[in-house]
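Protein chains in written order, with my numbering: chain A, 2 to 116; chain B, -9 to 103.
Think of the hints as simulated: they come from the structure by calculation, not from any bench. These numbers were taken from a predicted model, which means no experiment stands behind them. Take the hints with a grain of salt, since some may be wrong.
[Claimed, not checked] Result set (BS3-like, lysine-lysine): computed pairs, CA atoms no more than 30 Å apart in a straight line:
#	chain 1	residue 1	chain 2	residue 2
1	B	49	B	32
2	B	47	B	59
3	B	47	B	69
4	A	10	B	32
5	B	32	A	58
6	B	59	A	58
7	B	49	B	69
8	B	53	B	69
9	B	58	A	58
10	A	58	A	10
11	B	58	B	47
12	B	69	B	32
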Amino acid sequence: DSGVTQTPKHLITATGQRVTLRCSPRSGDLSVYWYQQSLDQGLQFLIQYYNGEERAKGNILERFSAQQFPDLHSELNLSSLELGDSALYFCASSVDLARSTDTQYFGPGTRLTVL
Amino acid sequence: EDQVTQSPEALRLQEGESSSLNCSYTVSGLRGLFWYRQDPGKGPEFLFTLYSAGEEKEKERLKATLTKKESFLHITAPKPEDSATYLCAVQADGGTSYGKLTFGQGTILTVHP
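Can you build the whole structure from these sequences, using the hints too?
So, in structure tokens, the structure goes:
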């Protein structure tokens, strides 16, 4: 158990809908990262937040957005869902970018199925 | 652009048969190279971080090494419970990518009893 929690574990929805994925980082971690894992693309970085502020963006679609709240939990919002958005979505957290050791610990993931 | 290539894509071993997994990378400046283990449907589990060429780290039957262009994950006398996908990732130093990890496609390891 990495200490990172994600809800829900599974999500089944229809095309065009909107969903919210939730992540709670390990106690003491300030950075939260979101990744998407699909069979053809592997693990892809989406976005990073540090202490409530956006730090870096990867190949995140405009239909996707995220935020980190004052209690440091984070939510990933996916809207106008398409079949191709079906994937595993992982959240990871780390302590502090300023330190030399910045290991990211991953949560168990949310499996999204778009029908 | 940072790139990570892992080989082989899949590796089948007999229990006790030692082998190595390869991770080749290109990155503007390496902050760290990470190895993770992932079981089907689960989140990646952290194994090692390597920072500079020549560094080695060990954990049970696993040993990770790093050169300026690649990393190896050596598996000594593997057991069936070592079966998993092993992922390699790099973190670049500086720029706007901050903590972003760039992952390889992984090596699927199967160890037969």
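We went through each hint and held it up to the structure:
no.: 1; hint: B:49 x B:32; result: holds, 21 Å
no.: 2; hint: B:47 x B:59; result: holds, 17 Å
no.: 3; hint: B:47 x B:69; result: holds, 20 Å
no.: 4; hint: A:10 x B:32; result: holds, 10 Å
no.: 5; hint: B:32 x A:58; result: holds, 24 Å
no.: 6; hint: B:59 x A:58; result: holds, 26 Å
no.: 7; hint: B:49 x B:69; result: holds, 14 Å
no.: 8; hint: B:53 x B:69; result: holds, 15 Å
no.: 9; hint: B:58 x A:58; result: holds, 27 Å
no.: 10; hint: A:58 x A:10; result: holds, 24 Å
no.: 11; hint: B:58 x B:47; result: holds, 16 Å
no.: 12; hint: B:69 x B:32; result: holds, 20 Å
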